[in-house]
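Protein sequences appear in the order of chains A and B. Per the numbering used here, the very first residue in the first sequence carries number 1; after that it's consecutive. Per the numbering used here, the very first residue in the second sequence carries number 446; after that it's consecutive.
Mixed in with the good hints there might be a few duds.
[Stated by the list, open to error] Taking lysine-lysine pairs in the DSS-like style, the calculated list, with each CA pair at most 25 Å apart, reads:
#1 A:Lys312 <-> A:Lys52
#2 A:Lys252 <-> A:Lys239
#3 A:Lys367 <-> A:Lys381
#4 A:Lys210 <-> B:Lys504
#5 A:Lys222 <-> A:Lys145
#6 A:Lys381 <-> B:Lys504
#7 B:Lys491 <-> A:Lys381
#8 A:Lys239 <-> B:Lys459
#9 A:Lys312 <-> A:Lys22
#10 B:Lys483 <-> A:Lys381
#11 A:Lys329 <-> A:Lys367
#12 A:Lys238 <-> B:Lys504
#13 B:Lys506 <-> A:Lys210
#14 A:Lys238 <-> A:Lys394
#15 B:Lys483 <-> A:Lys222
#16 A:Lys252 <-> B:Lys491
#17 A:Lys252 <-> A:Lys312
#18 A:Lys222 <-> B:Lys506
#19 A:Lys210 <-> A:Lys252
#20 A:Lys252 <-> B:Lys483
#21 B:Lys459 <-> B:Lys506
#22 A:Lys222 <-> A:Lys239
#23 A:Lys367 <-> A:Lys145
#24 B:Lys491 <-> B:Lys506
#25 B:Lys459 <-> A:Lys222
#26 A:Lys52 <-> A:Lys381
[To be verified] Here are some, though not all, of the chain B residues that point toward chain A, as calculated from beta-carbon distances under 8 Å:
#27 Phe450
#28 Val453
#29 Arg476
#30 Pro478
#31 Lys483
#32 Pro485
#33 Ile488
#34 Lys491
#35 Arg499
#36 Ser508
#37 Val509
#38 Ile510
#39 His520
#40 Trp521
Derived by calculation from the structure, the hints in this document are not laboratory data. Because the structure is a prediction, the values reported are computed rather than measured. The beta carbon of each residue, even a glycine, is placed where N, CA and C say it ideally should be.
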Amino acid sequence: MTNTIVVIGGSAAGMGAAGAAKQVDPDARVVVFTELSDVAYSPCGIPYVHGKEIDSFDRLILLGKDHYEAQGFEIHYETVVSAINLAARTVEVPGQPAVRFDRLILATGFEYERPDIPGGELDGLYYVRDIRAAQRWDEVLDTVKRAVVAEAQPIGVEMATALAHRGIETHLVDPHPWAMAEIADPDIMAPVEESWRELGVHIHLNTRIKAFLGTERVHAVKTSDGEIPADMVVIGAKKLPNNHLAAQAGIKLGSTGGIIVDDHMRTSAAGVFAAGDCVEVPQGTTGVPIQGLSGSHAYAQGKVAGSGAAGKLRSYAPVYVPWGLVGGKWMVGGVSFGETLAGALGIPFVLGVAEGISRARYYPDFKKIRVKLLAEPGTLKLIGAQIVGGEGVKERCDFLAMAARQGLTLHDIAWMENVYSPAMGALNEPMALAAQNGLATAGQS
Amino acid sequence: MNGFFRWVRTNSQKYLLEAVQADLAHRYLGRPPTVGPKTPQVIFWKFLFVPLYRRLPWKVKQSVILAMPGSHRRHWSS
């Protein structure tokens, strides 16, 4: 009997799940519902097309629709699933017969937190998400002289940089004392702010948006510090889990609003799996559930969910969350906790900070790197890191996430081996220097 | 019940973050914190909850957090 696996959502988690399900059980009927017009593209690349670093949206498309058709996937584009009936094992699509499933995978992703202020319904407010909408907005950007980016969450940081690259007068407005203040530390973001100013970005921190002004289309933003004229506004707000369907079906949600899952990505409902931005998973060091990670997390979770739905249970492990992005001319990144998050939670830590360089000091175009390591007092096990630098941030974050997962200590990192090659690595590895400084702070050097 | 835990997490997270952001902005940037209106909600979370939470040892805080429902209460192999 054919196993029918229905996937709701066609982004990283959904398509990862669909692909894994077909891989495990090639005879399975895999049905994907997506509200969008495309699947298998990288929405994370959209800001870089807007910023002209990437010359075409076509480059963001990984696989065409014909590929999935040839592989036997049934993909329903621009189709909204309106309800899940767990008792009947069906999903409901308005105007169509209910679709029966043996296994269901929820990959419903995120939705932006809508600003609860006057003018939220005006035209000219851009929520970056869908590649088709991004293509239309890209044409609008050719006519825009002044733009406001509302909130310096990660997408706001990337879009402020992109708009500035494009030569648009850009105003970044954020209620916090520094950009990305819920994730990154102020000393890590300081070089980014400086480079934004060099790019001509106007930064309005500690500033709240009170209203979007206009009749049909936004023409200004009213803030706690006055009005800013704007031809458009990019909403860089927080991402929230999109769990209306799961909640209506009675599937359990956690304190983050994400769907509760186990290590096989199974939800509280039998035969129903979930993955991506709509779920919460435990953070590795503390066990605290967290939600809204990167596309690579969503894809990996989707693979686990799809495999399980097709009959082969795989396990997903608690996360240490290596992350990174580009802000201004800098790369910033981290692992699990910085001073801000650890301080908010009240996790005690020993801090080791160092500045180094990415290549030999005599090699052209070397870049500065600032590394900050957080370790558990006593054991000195790594619990978090933050980095800002001109290059080499991603690799260090990946390494430090694995170091935290494996329980490495500042002692281990302080005297680690490292590549020394003038064109790609300096004699003194900045992570090792930071760990040595951490040991000195802890009185264990 | 889930709605209650989400409300607790959302508010505690917001006010604990704001408190530490004020500390770090002062230490690293010399920037003052924003001062908002003192609504009953702000008085409770900012002036009662945050100072009380900060006095508790991490292990106690962690136990309380982990007692809430969530994915961490289901099976996870490390």
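Status of the hints after comparison with the structure:
Between A:Lys312 and A:Lys52 the alpha-carbon distance is near 43 Å, which puts this suggested pair outside the 25 Å criterion. Restraint check for A:Lys252 and A:Lys239: satisfied, since their Cα atoms lie roughly 20 Å apart, inside the 25 Å limit. Taken as a hint, the A:Lys367 and A:Lys381 pair is broken in the structure, with Cα atoms around 28 Å apart against an allowance of 25 Å. Taking the CA atoms of A:Lys210 and B:Lys504, the gap is near 40 Å; set against the 25 Å cutoff, the hint is violated.
For the proposed pair A:Lys222 and A:Lys145, the alpha carbon gap of about 18 Å is at most 25 Å, so the pair holds. Simply put, A:Lys381 and B:Lys504 have alpha-carbon atoms about 16 Å apart, close enough for the 25 Å limit, and the pair holds. Pair hint B:Lys491 plus A:Lys381 does not hold up; C-alpha atoms about 32 Å apart against a cutoff of 25 Å. The hinted pair formed by A:Lys239 and B:Lys459 meets the criterion: a straight-line CA distance of about 15 Å does not exceed 25 Å.
With a C-alpha separation of about 11 Å, the suggested pair A:Lys312 and A:Lys22 falls inside the 25 Å cut-off, and the hint holds. With a C-alpha separation of about 40 Å, the suggested pairing of B:Lys483 with A:Lys381 is violated against the 25 Å cut-off. A distance of roughly 11 Å separates the Cα atoms of A:Lys329 and A:Lys367; the hinted pair therefore holds under the 25 Å criterion. For the hint linking A:Lys238 to B:Lys504, the alpha-carbon distance of about 29 Å lies beyond 25 Å, and the restraint is violated.
As the CA atoms of B:Lys506 and A:Lys210 are separated by approximately 35 Å, the hinted pair breaks the 25 Å bound. For a cut-off of 25 Å, the pair hint linking A:Lys238 to A:Lys394 stands: about 23 Å separates their Cα positions. Taking the CA atoms of B:Lys483 and A:Lys222, the gap is about 22 Å. The hint holds against a cut of 25 Å. In summary, the hint linking A:Lys252 to B:Lys491 is not supported, as the alpha carbons are separated by about 30 Å, beyond the 25 Å threshold.
A threshold of 25 Å between alpha carbons decides the hint, and for A:Lys252 with A:Lys312 the separation of about 23 Å falls inside it, so the pair holds. Taken as a hint, the A:Lys222 and B:Lys506 pair is broken in the structure, with Cα atoms around 39 Å apart against an allowance of 25 Å. Restraint check: the Cα-Cα separation between A:Lys210 and A:Lys252 comes to about 35 Å, which exceeds 25 Å; the hinted pair is violated. For the proposed pair A:Lys252 and B:Lys483, the alpha carbon gap of about 35 Å is over 25 Å, so the pair is violated.
Our distance criterion of 25 Å between C-alpha atoms is met by B:Lys459 and B:Lys506, whose separation comes to about 16 Å. Of the pairs offered as hints, the one joining A:Lys222 and A:Lys239 holds, with about 23 Å between alpha carbons and a cut-off of 25 Å not exceeded. Using a Cα cut-off of 25 Å, the hinted pair A:Lys367 and A:Lys145 is violated, with the two alpha carbons roughly 32 Å apart. Taking the CA atoms of B:Lys491 and B:Lys506, the gap is about 17 Å. The hint holds against a cut of 25 Å.
With a CA separation close to 23 Å, the supplied pair B:Lys459 and A:Lys222 stays within the 25 Å bound. This hinted pair does not check out: A:Lys52 and A:Lys381 have alpha carbons roughly 42 Å apart, beyond 25 Å. Hint status for B:Phe450: holds, given a least beta-carbon distance of 4 Å to chain A, under 8 Å. Contact between B:Val453 and chain A, as hinted, is supported at the beta carbon level, the nearest pair being about 7 Å apart and thus within 8 Å.
Look at B:Arg476: its Cβ gets to within about 5 Å of chain A, closer than 8 Å, so that hint holds up. For B:Pro478, the interface hint holds, since its Cβ comes within 8 Å of a Cβ in chain A; the closest pair sits about 7 Å apart. Evaluation of the B:Lys483 hint against chain A yields a violated restraint, the C-beta minimum of about 16 Å exceeding 8 Å. With its C-beta approaching chain A no nearer than about 19 Å, B:Pro485 sits outside the 8 Å limit, and its interface hint is violated.
With its C-beta approaching chain A no nearer than about 19 Å, B:Ile488 sits outside the 8 Å limit, and its interface hint is violated. Checking B:Lys491 against chain A: minimum C-beta separation of about 13 Å lies over 8 Å; hint violated. Because the beta carbon of B:Arg499 sits about 6 Å from the nearest beta carbon in chain A, less than 8 Å, this interface hint is met. Because the closest C-beta pair between B:Ser508 and chain A is about 10 Å apart, greater than 8 Å, the hint is violated.
Below 8 Å, beta-carbon pairs count as interface contacts, and B:Val509 has none with chain A, the closest being about 11 Å; its hint is therefore violated. With 8 Å as the threshold, the beta carbon of B:Ile510 comes within range of chain A, its nearest partner Cβ sitting at about 6 Å, so the hint holds. For B:His520, the interface hint holds, since its Cβ comes within 8 Å of a Cβ in chain A; the closest pair sits about 5 Å apart. The beta carbon of B:Trp521 comes within 5 Å of a beta carbon in chain A, closer than 8 Å, and the hint placing it at the interface holds.
Of the numbered hints stated above, those contradicted by the structure are hints 1, 3, 4, 7, 10, 12, 13, 16, 18, 19, 20, 23, 26, 31, 32, 33, 34, 36 and 37, listed in ascending order.
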